[in-house]
Structure formats: C-alpha cells, structure tokens
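Asks: So you can see what is in the structure, the chains are spelled out below.
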Amino acid sequence: MRGPTRAGRAACAIGAALMMAGCGGGGGFGGAGVLTSSWGDPQNPLEPADTNEVQGGKVLDMIFRGLKKYDPRTGRAVNMLAERISTPDSRTFTVTVKDGWRFSNGEPVTARSFVDAWNYGASLRNNQRNAYFFGYIDGYDKVHPGSGRQSADTLSGLRVTGPRTFTVRLDQKFAGFPDTLGYAAYAPLPRAFFTDHAGWLRKPIGNGPYQIASYSKGSAMTLKKWNGYPGPDPARNEGVTLLVYTDSNTAYTDVLAGNLDLVDDVPATQLKNVRTDLDGRYINTPAGILQTLAFPYYDPKWNTEGARKVRTGLSMAIDRAQITETIFRRTRTPATDWTSPVLGTAGGFQAGLCGHACDYDPAGARRLIREGGGIPGGRLKITYNADTGSHKQWVDAVCNSINNALGNDKACVGNPVGTFADFRNQIGQHRMSGPFRAGWQMDYPLIQNFLQPLYYTDASSNDGKWSNKRFDRLVDQANAETDRAASVRLFQEAEKVVRDNMAAIPLWYQNGSAGYTARLSHVALNPFSVPVYNEIKVG
Amino acid sequence: MGRYVARRLLQMVPVFIGATLLIFLMVNVMGDPIAGLCGERACDPATAAQLKREFGLDQPLWRQYVTYMGNVFTGNFGTAFNGQPVTELMAAAFPVTVRLTVVAILFEIVVGIALGVVTGLRRGHPVDTGVLLATLVVISVPTFVTGLLLQLLLGVSWGWIRPSVSPAAGFGELIVPGLVLASVSLAYVTRLTRTTIAENKRADYVRTATAKGLPRRRVITRHLLRNSLIPVVTFIGTDIGALMGGAIVTERIFNIHGVGYQLYQGILRQNTQTVVGFVTVLVLVFLLANLLVDLLYAVLDPRIRYA
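Residue numbers (numbering that gives the first Met the number 0), protein chains in the order written: chain E, 0 to 538; chain B, 0 to 306.
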C-alpha cells in the first residue's frame, strides 16, 4: 500500500497550499470595540409599522426609541421619549414629548414626528403589516376599512396640540394603551421618511443609540454608535455589524471559531454540547413566546360540548415535562397558563392557572376523551410546517405521548405542510380539520397581548375562529379598568374562560438563547429574545 | 457553422418558454404567496387584497404569465417581497455563484483530468487502486457531510480558514467551498477520464504516433488526451448548469449568498418572482453551456463538422 500514502501526502500538500490562500482572503468585521452578530434577512422593508418579525425588530430596537421602552430585565414599560401621558377617562390621552430629543440627522423629535408616523402606519394605502396596532384609535375604520377604498388619509383620533404635545382618542376605553407604546410600530419618523422614502429605505434614519453606517440588503448591516444620542441608554460599544446567515448552524460554528461574536439562536442540534463548547458563554432566558395547539372552531365537529372534554383530555395526555427535557433540553418549560413568565406575577402571569388540565394524567385523559365521544373524526392530525424550526420532532413526540396515553398507536399523527407559506395559506382558508401548531410571540409585555389578539371574537390572530361572549365581555371590562391590578385580575378571569373551554392547548414557554465569544461581556436577551446590544461591552 | 448555431439558438426559444411556464405553474401550485408574505400573523383582509392587486396576483394565471414574460423581455424580472427588484438580487448573487462555479470547474478540470490521466496510464498500479478507492469514498459520501466535516476541521479545529465566507466572497475564500462543491463531479471526471484513456491507449493512432518516434509527452497530450476528452467535456459542460443551480447545500453550509441562497429563500417565502427569475436565468445558462459543449466537439475532433 505504498501508492495511497504517496497520493495522500500529495493531496495534503495541495490542500495546505490552498488553505494558505484561503487564509489570506478573509478579513475581520469586528474592529476595535465593534461586535459582529448573526442576523437573518428581514422579510419586509425596514419600516417600523411594517416589521413584525425578530430580525427586522433587532435593527429597529437599535435605531429607534419610542415614547416608552420595555426594561430589558423586568419587561416593565418605562417612559423614554414620553415626559407625561395623562388621561381623565382611559379613552383620551394627552402625550407630552420630552424636549431635547433628535433624530440622528439632527432633526428634532416633535409631536408631529409621532402623529405623521402613526397616520402612515395606519393607512391602508401603505400596506403596513402592523396597521392593526392603530386599530384602537378613533377613525381607523376610515383610513383602513375592512374592504373597499379608504375614505380618509389621517386618523381623526390623533391631534397635534403643540410642538411637543398631541392627543390620542381611542374608540373604546383601554387603560393599558400607554404601556403598548413601547412597540416598534409606534416609533417616531423623521421628515426624510416621507420626502425621500426610497433613500430612507436604503439607509434608515432613527433616533436610537445607533445609526446605520451601511446596509447591503441580504448580506450585512453595519451600525455605529451615535455619539450625539441624548437618551439615558447610550451604546457601550463602538458599533454592531449584523451578518446574514442562512443557517444558524454556520453562525454557531463561526462563533466557535471566533469568527463571529454573537449568535442569538443556538440551533437545537447543538444544545447538547453548547455548555462545554462555549465554556459558560451561553445564555438561556425566558422570552415572551408561548407555543400552543389551536383548534378549528369553524369545523362543527370541534365546536361541541363533547369536543371541549376531548380537548382537555388531549391536554392531559401530553407529557410536557418529558418533551421539553429530551427534545428542547430545557430551552422550553412546560406551560401552566396562557401567558408567559416574562410578565411577572404582577403583570398577570399565574403559574398553575391551567391546573390539572395541564398535568400529565393518562388515565384522566382516557376518561375525558371517552366521555367526550372520542376524537372527532376518529383520528387526531396535528398540522405543522416542516420547513422551519424543529417542529416535526416535537409534533411526533406529542403524538407519541397521546398514543401512549390512549393505548392506541394510531390515535394521533403529524400532518406536515411543505412550506410555512402554504401552512399559513391553509390556515387562512380555514382548511384545518384538527389541531394545528400555533405560536405567539408577544408584541408588548401585557397580559392583554396574550389573550385579546388570539381569543377575542374575530381578532387579528384568532386563526381558529374561537368565540365566547363571556370572554369578550371580560376583556372589554379589563381594558376599561383603570386600576392596573384590577385590570390584570379581570384578564385572568378571561383566561380562566379560555381554560375551561380549552380554547387552545398550551404546550410550553419558549426561552431565548444566545452564545458569544470571550471578547464580549454583559450580554443579555430582552423579553423579546433580542440581544440588548447597547449594553454589551467589547474587549 | 453559423447556420448550425443559429438553428440551435432558435431551438432554445421553445425550450425556454416551456421551462419557464412549467416553473411558473409549479411555483403557483404551492399556494398563495400573500400568506407567506404576511408571516406568522395573517394580514388583515384589506391589506392582503391590496397586496394581491399590487403584485398582480388577482389576475388569472395565464395573464400573470403573459405579463411576466412581457416584462422579462424588457429586462424587468419583477420585485421581490422585501421591495428589492429581482434584477438587483441577481446582480448580487450571480457573480458570487459564478466565482464558486469557476473554482469548482477548475478543480474538476485540473485535478480530475490529471488524476484520470495518471490512473488511466497505470491501470492496476497501486496509484490507480488508491485513487479509485478515494473516488468511491467521495462519491458515496453526501456533499453536506464533506462540507460540514471540512468546515469543522479546517475552520474550527485547525483554524486554517474562516468557517463561513464573507459577503464579498473573493476567490481565496471560495477555494474550500469550491472543492466541496466539485468533489463528487471531480470523482466522476477522474473515473471518466481514466476509462477513456485506458481504452484509447491501445488505439491504432497511439501506436502509430509512438512508432513514428514522437516523445511520450506529446503522444499523451496531443493524441491520446485530445481524443479521450470528448465524453469528459460533455460531462463538465452539463455540470456547469448543475453546479450553478445545485449549490444550495454548499452555499448554506458556508453561508455564501449566491444563487442557491436566493432560491432557497425565495422558495421558503413563496416569492414567485424571485424563484421564476433565477430559474429562468439558470435555464438560459444550461442551454448556452450545452451549445458550447457541442461546439467544443468540433475543436477537439476535426472529423466532427456542423452544417
């Protein structure tokens, strides 16, 4: 066997020569005080009212500051640009903007910066995905009618009353409204956004601690610290370079090699060895994300009294503890209510609200499903999209758990849909015949956000078309209640209605995870699972 | 020759139209693009209807196709859902993928043919056996395994290369990904060259060339290799198209933002315009590469004439 060795040596020599060339080609992105972070290509243009996913949200979080900001640790809404938001009746709000704030191009932030931005976001003409956030404001039905042409350009409920003051009139009482104003959709916009829209999209201008230095769509964005930032939370590093990765595995490998500083989505396959790989530079903290199984209430089979028992039984047949332990390696925790731990108990999170219905109890499950007349249609098909996340693994595990509990290995099967787009399509066309994967990532840390958009009659994300008069009435009451604690209690009453009907089966609370290199310190994730970039120290 | 080329170019027209129509239909069967565009939260009906109108999705399918083709002939490939013109995406993606393909093809030509000649001339020799075994291993191991393994070894364990390719994606950075992309084809080229060389080695013209006293090197390069290259050239020619379109796996592993990346994202987000646009260009590349291969035959073997 002399030949192979010789050939092998030659191959190594060639390989080595090539690698040298390879080494010469690359170049660092970091630089002194600048960190690199993994990113995904934002799906929509980076307009604040058009961004409803995390990747675009990361950028908005760095370049914008709104009236309120959610504390990265507690999730509480604290005044940022708002000097004062006052209301006599929980319906008309008077907002005073702090003096001295500017956009990074020097333009002062005024009441008009907000009102113009909100009018833009609400208008049907601009196709903004987050338009419904302005749905509480008077006149929304004129600028964004359910069908047909819009009959007004601006919201009648918004009025500029001074250079730094404006009033907001809502179409119903909503005491929690000021606390929603930390959401990116409510960010102020400079005049340049309206006068040179294309130019703004190429290089967005905001009022946050960073400004965009360069943006090449689809591959990278460099943000540098804005030295003139007037806020209390300036950047503690010189800048952030966001690099687009198609595959989080590659980003993770790059962190291991020291080629990338921060990966904020540790792939499921690496969770097993992440602690040893990164030597403790790994964070795993609760995020405002709840995974559930939703049901098609437009299908009469699922909208019966018996089906209610079956749903509760199914919930009891799922061994959440085992699945979160073995599949998700504790990056998710079994859910015991319909909100998220990031709200805190004062904010409405109540561990154990689900009670026995969320405990693993095979005997109880069998009994309830039998009493309810068995699984509608004879067999449970859990629909999910197979292209992203590791949904197949957990759906199969949930089915296994149900099959074991019922002693019938054909009771439940997964029903994969090829692409996410098609999955959404089928949901939108009401073509579900059984439970389907539903995940909720909160927009703002309020209990209202975990209930109203999902279970209120005809709400924006009520995909299963669940409807319950008592629930709707309780939510209306809770929104009108000015006392925070009393309002939270009413929302929890509404949540109990969801529980008693098992409108959706809560599965688990999702954590955010991130890994980083030894160059960084003070790395944390906020409740939206976005890294708190401005607090990270480099070197 | 000129007439032959003209005829071939004309034949491309129906192939081109048929291929684009098929892709267009297939992408549309996947479902409503607006649902994918809106993401996890459904757009409200009014916004969805307006987006449909703006992208022309409320028209019947045949009219969408006619409009699309009309636009394509004026150089307008439509707009991706993130607001970028598809031509802009192409301008960013194709140069990267072309560079990657060039690296891969160079590997195939230089390493593949050289190994093929060496082994073909020494059939049964240990070198031959060794290379044959090596090619067998390369062919049987999937690309993503080779890619991930090289990435981990060279990028993380030994630190010789960066595990991922920077957005600039220069030739230097593309050497390892190019090798990974070329690996399987490279093994085929080696085996193909080896077989034809071994076959032609015993041909009369080789014996004649040796008999009239030509040096061995000249016999091999001018007579033996030139005659043996025809099947290899056919293979490499068709491989150009396959490498450009089929680099999805390699591009994903090394985070290269080329054609494979754009196609992958286009399919995931159900972005009809991106997918049809890129595949249309790939179809053109494939057709042209095939024409080029056919013309190369005449250069390699003067007995082949086109009229």
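Some hints here could point you the wrong way.
[To be verified] Cβ-Cβ distance ranges computed for the label pairs, FRET-style: (1) E:G417 with B:D203: 55 to 61 Å; (2) B:T73 with E:G30: 42 to 48 Å; (3) E:R274 with B:V144: 21 to 27 Å; (4) B:T237 with E:T387: 29 to 35 Å.
Treat the hints as calculated values from the structure; they're not laboratory data.
Backbone N, C-alpha and C fix where the C-beta goes; we use that ideal spot for every residue, glycine too.
Asks: In ascending order, which of the hints set out earlier in this document are inconsistent with the structure?
Replies: none
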